[in-house]
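Participant: Produce the entire structure from the sequences given, and follow the hints as far as they go.
Sequences listed follow chains A and B, in order.
Take the first sequence: its position 238, counting from 1, is numbered 238 in this note's numbering, and each next residue is one higher.
Take the second sequence: its position 124, counting from 1, is numbered 124 in this note's numbering, and each next residue is one higher.
I should point out that these hints are in silico values taken from the structure, not numbers from a laboratory.
Among the hints, erroneous ones may be present.
Straight-line alpha carbon distances no greater than 20 Å define the calculated EDC-like cross-link-like pairs of lysine to aspartate or glutamate that follow [as the list claims (entries may be wrong)]: (1) A/K91 / B/D102; (2) A/K53 / B/E66; (3) A/K214 / A/D246; (4) A/K53 / B/D102; (5) B/K55 / A/D50; (6) A/K185 / B/E66; (7) A/K53 / B/D63; (8) A/K196 / A/D184; (9) B/K149 / A/D50.
What the simulated footprint calls covered on chain A by chain B, stretch by stretch (three residues with Cβ under 8 Å from a Cβ of chain B suffice, anywhere in the stretch; the number is not a length) [said to hold, decoys possible]: (10) 11 to 17; (11) 60 to 74; (12) 90 to 96.
Ideal placement from N, C-alpha and C gives every residue a C-beta, glycine not left out.
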Amino acid sequence: MRAARGKKGQFIVIAALLLSIMIIAVSTVIYGTVTYYRQERWEEYVTVVDSIKTASCNLLQVGLANYTQTQTLNQSVLRDYFNQWMRDVRKAYPGFGVDLSYSLASGIRSAYGVNLNYSMGLARTWNQQVSFSAADATVNIDVASLGLKGYNFSSHAFLKMNIRDAVWYSKEGKRYVLIYISVDKEGPEAVVNLQKSNFGVKLSGAPASSFSLKRYYSSAYSCFIYEIQVSSIDLKPSSVEVTLQDTRGIKTVSYTTNIGQNSA
Amino acid sequence: MTKAKRPKNQKSLQGQMRVIEAVMASLIVVSAVAFLYLFAATPSSQPQETSELEKIGHNVLHDIDEQRLLARFVYRSEWANLTSALVVSLPTNVYFNLAIYDVNGNPINHPLMQYGNQQVFDSSKAVASVSYIVPGYQTNYSPRILVLKLVRG
Numbered sequence: 001m002r003a004a005r006g007k008k009g010q011f012i013v014i015a016a017l018l019l020s021i022m023i024i025a026v027s028t029v030i031y032g033t034v035t036y037y038r039q040e041r042w043e044e045y046v047t048v049v050d051s052i053k054t055a056s057c058n059l060l061q062v063g064l065a066n067y068t069q070t071q072t073l074n075q076s077v078l079r080d081y082f083n084q085w086m087r088d089v090r091k092a093y094p095g096f097g098v099d100l101s102y103s104l105a106s107g108i109r110s111a112y113g114v115n116l117n118y119s120m121g122l123a124r125t126w127n128q129q130v131s132f133s134a135a136d137a138t139v140n141i142d143v144a145s146l147g148l149k150g151y152n153f154s155s156h157a158f159l160k161m162n163i164r165d166a167v168w169y170s171k172e173g174k175r176y177v178l179i180y181i182s183v184d185k186e187g188p189e190a191v192v193n194l195q196k197s198n199f200g201v202k203l204s205g206a207p208a209s210s211f212s213l214k215r216y217y218s219s220a221y222s223c224f225i226y227e228i229q230v231s232s233i234d235l236k237p238s239s240v241e242v243t244l245q246d247t248r249g250i251k252t253v254s255y256t257t258n259i260g261q262n263s264a
Numbered sequence: 001m002t003k004a005k006r007p008k009n010q011k012s013l014q015g016q017m018r019v020i021e022a023v024m025a026s027l028i029v030v031s032a033v034a035f036l037y038l039f040a041a042t043p044s045s046q047p048q049e050t051s052e053l054e055k056i057g058h059n060v061l062h063d064i065d066e067q068r069l070l071a072r073f074v075y076r077s078e079w080a081n082l083t084s085a086l087v088v089s090l091p092t093n094v095y096f097n098l099a100i101y102d103v104n105g106n107p108i109n110h111p112l113m114q115y116g117n118q119q120v121f122d123s124s125k126a127v128a129s130v131s132y133i134v135p136g137y138q139t140n141y142s143p144r145i146l147v148l149k150l151v152r153g
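Facilitator: Laid out in structure tokens, this is it:
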């Protein structure tokens, strides 16, 4: 009887010992995990990947701007830029084992309400009432030092200009042309920060020497509108051509012969 | 069956033993926890501080880039505007020094872009460094690497 009672008492000590062993074991595992992840340079990795991603998107815009601004329309400009970019990224982050690859869009795709016919990542339709310039690429990033493989993202650059209306007014001795334009970029998102210097206007093929620009939200068109007024136009023009180069340097040209007339 | 009565002194002895066992058990658990504390590495504030500054620096450069100002400042040599943008965007107690390199690591000539005394950078133990790459501007591909060093004043 006495021995049995003694054994019961020892059970508390044994339980406490077991509990201690458990605490030590669990803590060792937690400690090991925490210290391992604390030593990793997560912040540095995240900033490197994010920096490359942002720069790749910017590169796409630089490529599209080059494509639309040069007279010769160098279709391979995006491929050349990305090939160089792949080499330069390795040089820029030498210790990280960054490996970049890309694929450029090709074929017909429908986006932003238009059909985009891509060739080597670039597409454009100009000299229409609705004109646009576009670029599309998919970029893949591997970072060997992080064990990151196959992180990919799609990047788009897009600029669309729509001549909503062009009207020749002849009222009370004043004769002028009003052109109503909406401009969108990728997203789709309305572009609202353009200035007069971003536009060029031609009436009947002749450059308009001076014009004024107004910006406002139009409830009639249900969108943000740029209103271009070209004064002292005695005859109704046969065509209106508007050239736009946005703040990124991307260019597009809209053209219409559909011109209304409003005479008093 | 009736329970046999135990002598009074034997009962109190058993009670004392329970207390001793409980004290021993507590000591074992406490000593186990104390043993763990010997090996626990408390996180030093220095790496956390550097990590925090890196995050701030990257976010600020990214924000300026998103506003399409960074490339303009760099490629059009608007150094004063770039310095002002960083001063405005960073917290008031964070000092910086910005250097710009080409993709081969050659420094690009520009005036000193620094906020805060050099002494702050020399004396501070936690200096964060953020690299940010800008591929080009408008139609030209010509990558620039911005190295932003940050310290807390």
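Participant: Against the structure shown, which of the earlier numbered hints fail to hold, in ascending order?
Facilitator: Of the numbered hints, all hold.
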